[in-house]
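**Student:** For reference, the chains in residue letters:
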Amino acid sequence: MLPLPLLLLAIEDDSDRAFMEKIYTDYGTLMFHQARLICRSAADAQDVVSEALLALIKKISLLRNMPCNKLKSYIVITVKHQAIDHYRRLRHEDVTWDEEGPDAVSFAQPEDGIMEAAGVDAIRQAICTLPEREKDALMKRYFLKMTEEEIAAAWQVRPVTVRVTISRARNHLKTILQERRED
Amino acid sequence: MREQNDVLEQALAELAAQETRALEEQMTFSDMQMAKKMQLAHSKENRTLIRKHTRTLRPAPFLRAAAAIAVVVGGLMLLRSSMPEKADVLTPTSPSFSMQTNSPSSTQEPNGVIFTPISPTATPIANIIKPISTTPIPLPTYIPSPAPTAEPTHVPLATPTATPSPVPTLAPLATAAPVPLAAPQHPDGWQGNYFPGKNPGDWLLKPSGGMTAVYDDNYEFTEYDHITTPLSDARDIAEYEYVMINGVPALLTEDRAGQFTLTWDVDGRTLSLFSPDGEKETLLDIANSVIKLPENGSDF
Chain H
0 MLPLPLLLLA IEDDSDRAFM EKIYTDYGTL MFHQARLICR SAADAQDVVS EALLALIKKI
60 SLLRNMPCNK LKSYIVITVK HQAIDHYRRL RHEDVTWDEE GPDAVSFAQP EDGIMEAAGV
120 DAIRQAICTL PEREKDALMK RYFLKMTEEE IAAAWQVRPV TVRVTISRAR NHLKTILQER
180 RED
Chain Z
0 MREQNDVLEQ ALAELAAQET RALEEQMTFS DMQMAKKMQL AHSKENRTLI RKHTRTLRPA
60 PFLRAAAAIA VVVGGLMLLR SSMPEKADVL TPTSPSFSMQ TNSPSSTQEP NGVIFTPISP
120 TATPIANIIK PISTTPIPLP TYIPSPAPTA EPTHVPLATP TATPSPVPTL APLATAAPVP
180 LAAPQHPDGW QGNYFPGKNP GDWLLKPSGG MTAVYDDNYE FTEYDHITTP LSDARDIAEY
240 EYVMINGVPA LLTEDRAGQF TLTWDVDGRT LSLFSPDGEK ETLLDIANSV IKLPENGSDF
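Going line by line, the protein sequences match chains H and Z. Mapping the first sequence onto numbering that gives the first Met the number 0, position 52 (from 1) lands on 51, and the numbers just tick up by one. Mapping the second sequence onto numbering that gives the first Met the number 0, position 82 (from 1) lands on 81, and the numbers just tick up by one.
Calculated directly from the structure, the hints in this document are not laboratory data.
Distance condition first, Cα-Cα at most 30 Å in a straight line; then the derived DSSO-like pairs of lysine-lysine:
1) 51/Z x 144/H
2) 291/Z x 205/Z
3) 21/H x 35/Z
4) 69/H x 144/H
5) 69/H x 36/Z
6) 58/H x 51/Z
7) 69/H x 134/H
8) 35/Z x 69/H
9) 58/H x 43/Z
10) 51/Z x 21/H
11) 51/Z x 57/H
All of these numbers come straight from a predicted model, not from anything done at the bench.
Just need the whole structure built from these sequences, with the hints factored in.
**Tutor:** Right, dumping it as structure tokens:
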């Protein structure tokens, strides 16, 4: 398992521990199953689940206020993303991925209300058509509530690369929505 | 911008929920069983991980108690070692004791120790020590011992008692012959380490491998010499539940035809009970009666 600096960020509370153990008891099987779908070995799956647990501990205050159905999705998606990142790390991928820098894409985001007008269903369908990396970035940033630094650490890239990727993803999303509206 | 983020978050949440539902739906029974096994196998490590990352940094209460006891004991030992050892000689606690009596007199304490106070009028030690005399001391003269008498004196032996009356010791009571304990039975040729203790004589060994036995044509007990997931048609599973068999979690499944399968792991082995047309209670009774056989179990 990868050493993570989360010990310093550990939350010192007995009820948090009980809460995390309940999460593991309730969703452990689902977590292992999700990890096993992506990882090639059971040992990798175990590592991924451990890493996911650490990531969940870090977000425990967020999890505590989450409704049950969303909590389950959050846990599953966390494991999935941990597994994908783990797999990529094992393959030494992404070291130079998307390292174009801030000039590669414009940060200017004209908020023209396309997203609000399109509706949730249209956005959901549009997200599915995004490149995997951009979809991954959006999911991490807006659903898992990870900071750009945390995503950068997971991807092993600079935070600016994450910012660029998220910005590009949003622009792609708006383009797709715009095209569909015009059609 | 905030509204955009809210809509985006909502869409992503729905996407995540959709993925989660799909994941749950695609989980077959065997996937579920494998994932559950992984969870059980790693639950201890993961619980340790959770505790490590959520516990307070103060030590556990028992560690603190142990540390406190160690400090107290250490302090007592230090205090004891720093105190002067008690003298074996009793000294008067009050000088007036000997001053009142002009001559030292010995008194005896209740515990038998003779107490002699130091007299204030005692002669100085320098006066007691006398110079060694220089005059030679004559050696002792040799005096021979008296010669032994010519004839040895007769010492009469003790007369024996008139009627010796030996008392015979009591004969040991006859102990009961050892009775061998009832040994668990199982069919000849059983190769496994475990076997149901319920009606063990009524089980019939299946010809394949000596690790499967059948009772009442309706209950099939199989032991695998390794951890495994017994093959089953997962699509037919109607219900499943976890039950405890002798303190071990076991998976009980019932398929659409009403067939029960109970699977659990013991000591690196997987045990399985299958009943095509039996009762769930009987199946659980049989499972709970499963015992580990002695090392040479096949000799019964």
